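There are 6 protein chains.
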Amino acid sequence: MPILTLSEMAPDQEADVFVLMTSKEELTTRTGKPYFKVGFRDGTREVSFPIWDNSPWAVECRDGWTPGVFYKLRAVYRESNYGAQLDVRKIREVTDADAADGFDPAMCLPQSRFDPGAMFDELTAIVEQRIERPPLRKLVESILQTHRETLLVHPAARHNHHAFAGGLLEHTLSVTRTCVYLADKYAEYYPDMEPPLDKGLVVAGAILHDIGKVHELAQQPEGTSYTAEGALIGHMLLGRDMARRAAAEIDVDAETLLRLEHLLIAHQRLPEWGSPKPPMTPEALIVHYADDLDAKYHMMVAVLRDDKTPGPLTSRKNVLYQQVFRGGS
Amino acid sequence: MPILTLSEMAPDQEADVFVLMTSKEELTTRTGKPYFKVGFRDGTREVSFPIWDNSPWAVECRDGWTPGVFYKLRAVYRESNYGAQLDVRKIREVTDADAADGFDPAMCLPQSRFDPGAMFDELTAIVEQRIERPPLRKLVESILQTHRETLLVHPAARHNHHAFAGGLLEHTLSVTRTCVYLADKYAEYYPDMEPPLDKGLVVAGAILHDIGKVHELAQQPEGTSYTAEGALIGHMLLGRDMARRAAAEIDVDAETLLRLEHLLIAHQRLPEWGSPKPPMTPEALIVHYADDLDAKYHMMVAVLRDDKTPGPLTSRKNVLYQQVFRGGS
Amino acid sequence: MPILTLSEMAPDQEADVFVLMTSKEELTTRTGKPYFKVGFRDGTREVSFPIWDNSPWAVECRDGWTPGVFYKLRAVYRESNYGAQLDVRKIREVTDADAADGFDPAMCLPQSRFDPGAMFDELTAIVEQRIERPPLRKLVESILQTHRETLLVHPAARHNHHAFAGGLLEHTLSVTRTCVYLADKYAEYYPDMEPPLDKGLVVAGAILHDIGKVHELAQQPEGTSYTAEGALIGHMLLGRDMARRAAAEIDVDAETLLRLEHLLIAHQRLPEWGSPKPPMTPEALIVHYADDLDAKYHMMVAVLRDDKTPGPLTSRKNVLYQQVFRGGS
Amino acid sequence: MPILTLSEMAPDQEADVFVLMTSKEELTTRTGKPYFKVGFRDGTREVSFPIWDNSPWAVECRDGWTPGVFYKLRAVYRESNYGAQLDVRKIREVTDADAADGFDPAMCLPQSRFDPGAMFDELTAIVEQRIERPPLRKLVESILQTHRETLLVHPAARHNHHAFAGGLLEHTLSVTRTCVYLADKYAEYYPDMEPPLDKGLVVAGAILHDIGKVHELAQQPEGTSYTAEGALIGHMLLGRDMARRAAAEIDVDAETLLRLEHLLIAHQRLPEWGSPKPPMTPEALIVHYADDLDAKYHMMVAVLRDDKTPGPLTSRKNVLYQQVFRGGS
Amino acid sequence: MPILTLSEMAPDQEADVFVLMTSKEELTTRTGKPYFKVGFRDGTREVSFPIWDNSPWAVECRDGWTPGVFYKLRAVYRESNYGAQLDVRKIREVTDADAADGFDPAMCLPQSRFDPGAMFDELTAIVEQRIERPPLRKLVESILQTHRETLLVHPAARHNHHAFAGGLLEHTLSVTRTCVYLADKYAEYYPDMEPPLDKGLVVAGAILHDIGKVHELAQQPEGTSYTAEGALIGHMLLGRDMARRAAAEIDVDAETLLRLEHLLIAHQRLPEWGSPKPPMTPEALIVHYADDLDAKYHMMVAVLRDDKTPGPLTSRKNVLYQQVFRGGS
Amino acid sequence: MPILTLSEMAPDQEADVFVLMTSKEELTTRTGKPYFKVGFRDGTREVSFPIWDNSPWAVECRDGWTPGVFYKLRAVYRESNYGAQLDVRKIREVTDADAADGFDPAMCLPQSRFDPGAMFDELTAIVEQRIERPPLRKLVESILQTHRETLLVHPAARHNHHAFAGGLLEHTLSVTRTCVYLADKYAEYYPDMEPPLDKGLVVAGAILHDIGKVHELAQQPEGTSYTAEGALIGHMLLGRDMARRAAAEIDVDAETLLRLEHLLIAHQRLPEWGSPKPPMTPEALIVHYADDLDAKYHMMVAVLRDDKTPGPLTSRKNVLYQQVFRGGS
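Protein chains in written order, with my numbering: chain A, 1 to 329; chain B, 1 to 329; chain C, 1 to 329; chain D, 1 to 329; chain E, 1 to 329; chain F, 1 to 329.
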């Protein structure tokens with residue numbers, strides 16, 4: 001039997017697949033018939049279907065299958081009016097030995113389209129080239145290196161945007177690139193601004209603007225959730241703590257640190273988005289706009305990709321709470 | 001010549017007074033006549049009047065008198081249609097020797113009606129009696145003792161409420177007293193709440209809720225102003241930093257510290273008042289209400305005291321942006 | 001057969017119980033199978049389950065069972081994946097004779113944890129002790145006595161807080177106690193306020209602040225609903241009417257009555273919460289804060305008690321529209 | 001010497017005029033020169049000018065002239081860069097005997113362009129013809145007759161719209177006329193609405209919608225101000241009180257009274273405009289729109305009349321807080 | 001077999017009917033049983049019911065029946081707990097020949113209660129009589145005539161108000177009538193307003209205020225939807241385009257055209273309702289109020305007609321997002 | 001006598017200067033002394049001073065000097081407590097002959113720091129290179145060429161940002177450059193977006209986003225003001241008209257034109273900023289962010305340049321309505 005990924009399976013094809021169980025709900029039909037609704041996924045496809053109580057898997061499903069666990073399934077993939085389903089033939093938990101057949105837990109989670117290692121390297125290269133003053137550069141490097149492993153797999157959000165492994169890194173890199181452009185542009189554009197634009201600080205702020213999300217969000221196989229400190233304090237303040245902690249061991253001058261701290265807590269601009277202060281420096285202003293555009297653009301791409309409404313306009317039931325124009329009318 | 005306070009002087013009385021110069025503005029009348037408008041104050045009375053350029057003090061005023069400096073004046077106090085004035089006969093800067101005549105810089109600043117030392121002692125007594133767990137108690141004690149000297153003289157705000165020396169302490173003590181009452185009340189009222197109300201945390205939160213103002217506001221003889229970190233970060237986050245710093249040396253359990261940090265940043269409740277999170281614990285809810293009432297009540301008292309509008313209603317031009325009913329119609 | 005309360009029944013236990021029928025809906029499954037969904041409750045437990053059309057009770061259920069009627073049931077209590085159910089063996093309407101077996105309609109409604117009579121007595125004692133001027137005291141006493149029977153059983157709201165028999169009295173007493181504390185505190189704190197705080201008025205306002213709810217809400221066995229005048233006029237204005245009516249026969253001075261009327265309509269403070277005027281007197285300010293805290297605290301207690309979300313945080317789908325921190329993470 | 005009105009005087013003309021003193025302020029120039037700024041008016045013109053302390057009137061002005069008092073002046077009217085002024089030659093208080101020369105206090109106040117008596121009569125005629133059910137008709141008649149004298153001279157507001165004697169009556173009549181039209185129109189338009197539109201109630205509501213202003217506003221020669229109950233309770237609730245009081249002696253059915261009360265408190269529609277409830281009946285909806293249009297239209301007329309900004313657009317500093325297009329560009 | 005309309009059929013009656021198929025959804029019960037849910041309607045009644053896969057119509061339904069197509073059905077009309085249903089005996093598509101039996105596509109769509117031709121004629125008569133200046137009159141006439149066929153059948157909205165064939169015309173006529181009244185009234189009321197009220201412009205604006213809806217909304221048998229330009233640009237701007245296009249061929253003076261354009265884009269007044277400018281002319285103000293009242297009144301009529309909540313108050317789940325008082329309590 | 005610019009004059013220096021008269025107000029001191037306050041400016045300095053009525057220029061000033069007229073002055077430049085002044089020795093209107101001495105009206109207006117011609121050329125070069133499809137390119141080119149003369153001198157606003165000659169061009173070019181970067185970036189970043197990002201449309205939208213300002217604002221020597229159509233319609237709609245007019249003669253496909261029109265009216269995003277629709281396409285989203293950042297950044301630069309408040313923070317009285325951090329504390 002071939003080993004495929006779930007995403008590769010064609011309708012009515014039988015194959016072995018490595019999948020993550022994402023959900024198991026005990027439900028009952030209106031006529032009182034009990035069943036379990038179970039979900040399995042790999043990195044890009046998720047299927048969800050019922051196990052009826054007269055299914056041969058009914059008992060095993062109820063007693064043994066556990067969301068958050070990886071399984072090797074032999075199954076036939078079906079598409080019908082009821083959505084995609086799996087006709088399960090065999091099922092067992094993944095073992096260490098499956099690595100030999102190519103199993104890797106990361107293959108069952110949605111992933112950034114970009115290679116995390118390469119993104120991380122690009123980010124550190126930007127730090128190297130763009131943050132001239134050693135203390136600030138060391139501060140950013142130190143935080144990046146400390147959290148390298150987390151950043152390679154962390155999402156940027158639970159649902160809204162870049163909600164996949166490596167999403168935080170992907171978003172951060174994109175914002176940083178835009179900020180490099182904008183910092184160069186506006187520094188040249190207003191050469192007499194006093195004090196002059198601190199281009200290194202713009203870059204440092206771009207890289208660290210969402211860094212607190214490594215503590216705000218907990219990534220688990222079943223999905224991303226808020227940590228207690230994430231819910232009670234929030235990533236902007238947690239990110240500022242990280243900058244302060246790193247600065248305690250590096251000789252960053254007080255005003256630069258203060259400007260960085262301000263940028264981190266002000267980058268969402270509006271109080272109703274959680275920023276206790278609006279951007280009060282040119283550096284904070286630039287990072288806010290680069291960040292906000294990147295998040296909104298990503299959302300719009302996702303809406304255009306996922307919306308199934310016929311016609312030239314999407315539904316307004318999406319993360320943007322508005323219609324998007326698809327065209328082709 | 002008797003030494004009086006400025007507040008004690010009767011119309012047309014001549015006396016020696018110790019005063020603080022609060023302002024000096026170089027102005028010109030519409031007809032082009034230049035003059036200086038100068039202000040002097042003691043703890044409860046402030047006068048502001050012109051020094052014309054044909055005054056015998058004109059040159060000395062322009063070249064020597066400096067806002068923020070304490071002076072000994074010999075002067076006649078006048079009240080006229082032009083407001084209260086001083087007819088200056090002699091003027092010199094205060095010297096150390098004036099202490100013998102009763103000079104004390106504090107006598108020239110508005111003061112709390114209550115003795116700062118006694119208020120501070122009451123606060124520490126409450127800590128002693130009401131915060132049972134030693135780590136949390138030590139955390140609060142340590143912060144209070146570290147900032148004792150500042151607290152004895154710090155205001156609670158620039159303008160809005162308790163804007164005078166000792167005002168922060170006065171407001172903090174009042175909020176703490178109310179919180180002691182409310183914590184006892186609601187702990188008794190809902191004995192089965194799970195987890196139970198942390199009465200010690202309510203008291204700790206009440207005492208520390210505005211502690212960040214010692215870094216947010218700078219008190220100077222000429223008036224209170226925002227520091228750079230006050231404007232860019234704000235007292236709620238600065239207060240949380242103080243709690244975290246103190247906790248770093250004391251074995252406070254992680255959840256208690258998290259709840260305290262949350263309380264400090266959430267105590268103003270609304271995002272537009274600067275709280276990035278709403279109160280998400282019963283302890284934070286209590287402190288918010290006790291604090292908000294105390295501030296608003298103080299404002300209403302001040303409006304009733306200061307408003308000069310005739311009739312049963314005050315003007316709406318005040319810190320509350322609304323009319324207050326004085327009655328007696 | 002033992003007579004138990006519904007709340008006392010253990011799974012699979014059979015017993016006789018007195019219950020209130022709370023709902024009966026005629027539904028049909030997606031496959032076209034008709035059934036009735038019926039609900040029964042006592043003071044603390046409510047169960048809801050289907051009567052299929054092949055049930056022996058099908059005809060009687062359709063033709064005879066009536067929401068709002070009390071029944072004596074013999075039934076087996078079951079807990080299953082479909083929720084709690086009753087396997088009905090016998091059913092008849094309650095008769096007067098059942099009182100001998102302990103039936104009391106109040107036992108089938110959710111109740112305050114406190115004895116209504118004792119709460120009422122405490123409230124009248126506070127009136128006696130705390131409202132010094134006879135006319136105002138008489139006004140409050142007269143309203144309390146006129147509505148005594150209603151107050152002993154009235155809820156404070158349909159859903160939001162204190163939504164149970166005696167809930168209005170429980171909330172009123174709690175607010176009044178806090179107001180007694182705050183009135184004493186602030187009267188002492190600002191002895192020179194002009195006019196001085198009217199402590200009796202604070203207490204009168206606390207007691208009467210929600211009194212209009214006796215006309216705004218109609219309590220019926222099936223649930224609490226808004227009356228026509230409740231929906232069209234609202235409890236704040238209706239409460240003011242009650243105060244004016246009572247005052248018409250008592251010699252309350254005009255300004256005190258006006259201050260009381262203002263307090264009643266202003267106690268929710270914000271226009272979007274229905275107050276046409278903000279609190280414009282110190283007395284109204286105190287009652288607003290005591291009331292708002294008491295309601296919000298009650299809601300938070302209820303959220304902590306009822307929320308079933310796993311982890312340290314509750315869902316945000318609750319009366320507060322926000323997460324509450326439960327901790328224990 | 002001819003007796004003219006102030007409005008009739010031509011530049012440099014001398015005449016005798018009856019005027020109301022509207023203001024007297026004791027001021028001082030920047031050079032310390034004291035003077036009084038005094039204001040006098042008749043129904044349509046107001047002048048305001050200084051009495052210098054070397055004026056022959058200086059002493060009499062300071063000691064005797066009193067705002068709110070009517071005077072007979074002999075004066076020359078001047079127009080200059082300093083605005084209109086009066087060169088006072090003689091001045092004495094008005095006496096009863098001046099009535100023979102045509103003095104009437106009303107001639108010194110801004111007046112409705114329409115005859116108050118005629119407006120009142122038209123209003124009562126509409127009641128007669130348009131409110132068919134006797135109890136409701138009597139209720140409205142009774143309130144109108146009770147307040148006839150006040151209505152003939154009362155303004156509709158302090159500043160915003162119809163802020164002149166008879167203004168309340170003028171606004172009420174205009175709203176009522178529109179409501180007669182709209183009630184006929186929509187009753188015919190939706191003949192099957194259930195319950196049918198109560199046309200008499202629309203008219204009653206139109207007539208009484210602002211009636212509470214007779215208690216909310218106090219009209220004095222110096223200007224209109226809010227009464228204590230106006231500020232603390234507001235005209236919508238005070239008007240409802242008047243309707244309830246009148247109904248107490250007339251056999252109005254309960255639902256009609258409730259609908260009328262609702263209409264009175266809901267007619268401003270938005271909570272931020274003081275309505276605790278939105279219009280929940282068709283009758284209330286109609287009165288709201290007729291009222292709001294009439295007020296806004298009057299404001300726009302006034303802005304077009306009073307604004308002095310050159311060009312096709314008015315300033316945005318006016319009661320509408322927006323520009324109005326005058327055109328003619 | 002008699003030919004009836006669907007609305008005329010009595011329970012259990014068999015008849016031939018001409019109907020429009022409005023929906024066909026492929027669904028599955030929770031037990032996995034597939035079925036189609038189909039909808040048919042005439043002008044006032046709509047029924048929706050399942051075609052089970054064991055129905056004799058199952059195959060034909062799946063393969064042939066098409067929403068948006070007109071059918072002649074022979075069926076028995078049933079009312080049951082499952083709602084109204086049709087027991088289909090025969091079904092075929094409507095043919096041209098059916099016109100002989102009275103078929104007309106319009107009979108299957110909800111219709112204005114008024115005759116479209118008569119409404120259109122009244123509108124053109126108003127133009128004739130009320131718009132005095134030939135260029136403006138021609139502009140309005142030209143737009144009306146160009147879109148006559150569309151106007152006879154266009155709705156005014158998808159859901160909110162006048163959402164039926166002829167609804168745009170019905171709403172436009174009603175608003176225009178009110179505007180004729182108000183223009184006469186206010187022109188007479190403020191004869192000195194400068195510039196004077198342009199009564200012809202009020203009428204032109206009333207007629208054209210929603211004309212852009214002929215391009216914003218696409219009416220199809222299955223329902224009304226937004227066009228691409230409707231969603232991206234909106235009817236106010238599209239209506240202004242129509243006025244500009246028509247004016248290009250008529251000698252309308254520039255200021256009149258500008259005032260008309262402004263009126264069209266400002267008639268919803270609030271930015272959150274899509275008006276980029278508030279009404280800045282008296283003409284725009286009048287049309288806004290007449291329009292807003294007409295829409296809201298229509299909604300309230302519909303809520304009173306359609307709401308099924310027992311008791312004196314409707315639900316708040318309706319187009320007005322508030323309760324409406326039905327009375328009869 | 002040397003011919004200098006006003007900006008070049010040193011204190012007490014005498015010179016000949018070409019200036020624009022910007023204001024003349026007839027005022028009076030509080031003591032009744034009449035004078036004229038007059039203003040003159042060149043491109044970067046403006047002075048404003050009194051001409052007393054005993055000045056030798058008093059009569060000529062009153063009768064002859066006219067705001068908006070260019071003058072050649074011989075004067076001594078003074079700086080004093082009263083601000084900068086000119087001691088006028090000679091004054092006459094500028095004549096054609098003065099061109100020989102270097103007079104150019106543009107030298108008296110504030111100017112962009114960049115050469116307008118070069119900016120215009122860069123913009124057209126971008127059009128050439130970046131808008132690939134000929135119809136869209138022609139549309140943009142045609143609008144640019146038609147308005148070339150205006151664009152070389154037009155401001156972007158009255159006060160808020162880029163409020164100087166060439167300001168509209170400067171802002172447009174800056175936004176366009178950012179958009180070129182962002183369009184390339186996001187097109188590469190999301191290569192699979194469907195439909196793909198229309199990079200040419202982003203550039204076209206950037207160039208035209210504010211083009212309607214050439215009709216919204218009227219630039220006059222005395223200052224920039226709104227035109228009638230600017231105030232009543234606004235630049236977003238006027239810009240859309242320009243695009244439509246240009247498209248009428250070019251074969252732009254309907255959907256591209258619709259997307260461009262949408263972008264122009266949606267580019268301010270929020271209804272309260274005048275956009276009737278939010279950005280519903282990726283192209284509109286990009287232009288919105290590039291535009292908003294450029295405007296806000298320019299404002300922040302101006303606040304940092306112009307604010308005179310001592311200390312590390314600016315005042316909050318500025319175009320951003322918030323403090324900006326200057327640092328250097």
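By construction, these hints were calculated from the structure, which means they are not laboratory data. Quick caveat: nothing in here was measured; it's all calculated off a predicted structure. Be careful, since some hints might not be right.
Since the list can't tell identical chains apart, any single copy or any two copies may satisfy a pair.
Using 25 Å as the maximum straight-line C-alpha spacing, the simulated DSS-like pairs for lysine-lysine come out as follows [to be verified]:
id, residue 1, residue 2
1, Lys199, Lys185
2, Lys296, Lys72
3, Lys138, Lys199
4, Lys138, Lys72
5, Lys296, Lys138
6, Lys138, Lys24
7, Lys138, Lys90
8, Lys72, Lys317
9, Lys185, Lys296
10, Lys308, Lys37
11, Lys308, Lys296
12, Lys90, Lys37
Hints, one by one, checked against the model:
| no. | hint | verdict |
| --- | --- | --- |
| 1 | Lys199 x Lys185 | both (10 Å within a copy, 20 Å between copies) |
| 2 | Lys296 x Lys72 | neither (37 Å within a copy, 50 Å between copies) |
| 3 | Lys138 x Lys199 | within (16 Å within a copy, 38 Å between copies) |
| 4 | Lys138 x Lys72 | neither (45 Å within a copy, 54 Å between copies) |
| 5 | Lys296 x Lys138 | neither (31 Å within a copy, 31 Å between copies) |
| 6 | Lys138 x Lys24 | neither (46 Å within a copy, 47 Å between copies) |
| 7 | Lys138 x Lys90 | neither (53 Å within a copy, 60 Å between copies) |
| 8 | Lys72 x Lys317 | neither (35 Å within a copy, 37 Å between copies) |
| 9 | Lys185 x Lys296 | both (22 Å within a copy, 15 Å between copies) |
| 10 | Lys308 x Lys37 | both (24 Å within a copy, 20 Å between copies) |
| 11 | Lys308 x Lys296 | within (20 Å within a copy, 33 Å between copies) |
| 12 | Lys90 x Lys37 | within (18 Å within a copy, 36 Å between copies) |
Comparing the model with each earlier hint shows violations of hints 2, 4, 5, 6, 7, 8; every other hint is respected.
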